[in-house]
Amino acid sequence: MYSLIIVPAILFFTVVLVQIYILKYRPARDIQKFAGRKKETAQQRLPPISIIICARNEAENLKTNIPFILAQDYPSDLWEVVIVDDASSDDTRTVLNQFQKDASQLKTISIPPGATREFPGKKQALHIGILSASFPTVLLTDADCRPASLQWLRCMATALIEQDKKIILGYGAYSRGRGLLNKMVQWETLHTCIQYMGMAISGMPYMGVGRNLMYQKALYWRVIKDPGFLRIYKSVPYGDDDLLLAHICTQDNTGLCLQPGSFTISDPEKTVGSWLDQKSRHLSTGKFYPRDIKTVLGLSALTQGLFWLLWPLLLACPVLRNEQPFEKYLWAGIAAFGIIRLGLYWRNAQKWYVILGNRRLWSFYPFGEIGQSVLQFVLSPYIFRKNKKQWKS
Numbered sequence: 001m002y003s004l005i006i007v008p009a010i011l012f013f014t015v016v017l018v019q020i021y022i023l024k025y026r027p028a029r030d031i032q033k034f035a036g037r038k039k040e041t042a043q044q045r046l047p048p049i050s051i052i053i054c055a056r057n058e059a060e061n062l063k064t065n066i067p068f069i070l071a072q073d074y075p076s077d078l079w080e081v082v083i084v085d086d087a088s089s090d091d092t093r094t095v096l097n098q099f100q101k102d103a104s105q106l107k108t109i110s111i112p113p114g115a116t117r118e119f120p121g122k123k124q125a126l127h128i129g130i131l132s133a134s135f136p137t138v139l140l141t142d143a144d145c146r147p148a149s150l151q152w153l154r155c156m157a158t159a160l161i162e163q164d165k166k167i168i169l170g171y172g173a174y175s176r177g178r179g180l181l182n183k184m185v186q187w188e189t190l191h192t193c194i195q196y197m198g199m200a201i202s203g204m205p206y207m208g209v210g211r212n213l214m215y216q217k218a219l220y221w222r223v224i225k226d227p228g229f230l231r232i233y234k235s236v237p238y239g240d241d242d243l244l245l246a247h248i249c250t251q252d253n254t255g256l257c258l259q260p261g262s263f264t265i266s267d268p269e270k271t272v273g274s275w276l277d278q279k280s281r282h283l284s285t286g287k288f289y290p291r292d293i294k295t296v297l298g299l300s301a302l303t304q305g306l307f308w309l310l311w312p313l314l315l316a317c318p319v320l321r322n323e324q325p326f327e328k329y330l331w332a333g334i335a336a337f338g339i340i341r342l343g344l345y346w347r348n349a350q351k352w353y354v355i356l357g358n359r360r361l362w363s364f365y366p367f368g369e370i371g372q373s374v375l376q377f378v379l380s381p382y383i384f385r386k387n388k389k390q391w392k393s
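One point on numbering: in the working numbering, the residue at position 264 of the sequence shown is 264, and numbering is uninterrupted.
Keep in mind the hints are simulated off the structure, nothing from the lab. All C-beta atoms in this analysis are idealised placements derived from N, C-alpha and C, irrespective of residue type, glycine included. It is possible that some hints are incorrect.
Stated by the list, open to error - Derived Cβ-Cβ restraints for the label pairs, each shown as a range: (1) Ser-89 <-> Ser-132: 16 to 24 Å; (2) Leu-150 <-> Pro-27: 28 to 36 Å; (3) Phe-13 <-> Leu-131: 51 to 59 Å; (4) Leu-78 <-> Gly-114: 32 to 40 Å; (5) Leu-131 <-> Leu-302: 39 to 47 Å; (6) Gln-251 <-> Val-374: 30 to 38 Å; (7) Leu-78 <-> Gln-251: 25 to 33 Å; (8) Val-7 <-> Leu-131: 56 to 64 Å.
Could you put the whole structure together from the sequences, leaning on the hints where they help?
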């Protein structure tokens with residue numbers, strides 16, 4: 001009888017130890033320094049920035065969000081907004097023309113329907129946007145995003161100067177709403193941020209989100225000439241942000257900006273199906289990450305799923321519920337290890353929640369972990385499959 005329980009018990013203890021080890025890649029103790037900003041001095045020279053937005057059939061979002069972009073508090077001669085209209089069939093062109101009448105900093109480019117494309121999906125629009133940008137540093141966001149404040153551009157640019165980096169990873173949040181789906185989208189998005197920013201702090205940057213990302217154009221032009229990278233980059237319609245960053249980020253050139261004013265906000269998906277479709281596209285690019293990154297991410301996902309599978313099963317196991325000393329001590333050890341592991345992760349997440357401005361998710365934490373584990377299992381086939389769906393198709 002013991003042999004039936006010893007193997008899963010040993011596996012459980014191993015899983016918990018690996019999970020505690022992986023927690024070092026989410027170092028909450030180091031994030032405060034990225035959430036504040038030094039006082040600007042007269043001698044400080046802000047860098048010139050080109051904001052790039054790729055849009056396809058985004059007329060309504062552009063009407064809502066462009067005013068927040070154009071109102072940014074930044075020296076007028078040091079920034080521009082480049083919007084690439086990628087073969088839209090709605091009123092995107094009309095909306096852009098209306099804004100352009102009164103905004104000297106707005107530059108628009110149109111890709112006509114049926115135009116020859118060098119890159120799949122959104123990557124073509126991004127390529128043209130970077131090619132058209134006047135300044136050496138670009139700040140990317142999406143048409144359905146709005147800055148959390150009028151200091152967004154200034155915060156991101158100041159982080160670039162203060163940290164002396166070539167890449168700044170920002171946080172792209174989703175607006176809060178009602179219902180379990182909205183809460184799960186919020187939780188998963190926040191914890192994706194914890195994962196990639198924590199890895200960056202730990203010296204293994206690999207990802208950012210195109211909703212809020214700054215980098216020097218020279219990095220893009222350098223990697224886009226690499227035949228090995230180009231083959232991967234052209235093979236999937238998505239991954240314009242994480243595939244690129246996985247190949248250009250280093251410990252020395254990547255910084256973070258976690259000031260509340262530097263966040264961007266988007267409206268989340270409204271249905272489970274559209275959200276799962278979005279997550280499957282993101283997951284399908286993970287197979288192209290560097291091996292050490294895939295190892296850490298794979299171990300994290302696998303051991304998290306095993307933890308939530310084994311812990312309740314072992315606690316409820318009839319063999320461990322009898323009054324024999326060995327079983328009693330084993331059950332107590334399993335309970336204690338599980339509580340310690342959950343407590344460490346929960347406490348660590350709470351510190352991130354404070355910085356990322358979403359403390360209300362604290363009570364949802366264990367449910368979010370369980371939901372994320374189920375989601376990873378359901379979408380795991382996309383790790384091996386090639387997602388062929390085009391951008392906004």
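The hints, checked one at a time:
1. Ser-89 <-> Ser-132: 16 to 24 Å: holds, 22 Å
2. Leu-150 <-> Pro-27: 28 to 36 Å: holds, 31 Å
3. Phe-13 <-> Leu-131: 51 to 59 Å: holds, 54 Å
4. Leu-78 <-> Gly-114: 32 to 40 Å: holds, 37 Å
5. Leu-131 <-> Leu-302: 39 to 47 Å: holds, 41 Å
6. Gln-251 <-> Val-374: 30 to 38 Å: Holds, at about 33 Å.
7. Leu-78 <-> Gln-251: 25 to 33 Å: Hint holds: Cβ distance 29 Å, inside 25 to 33 Å.
8. Val-7 <-> Leu-131: 56 to 64 Å: holds, 58 Å
Hint violations for this structure: none, all hints satisfied.
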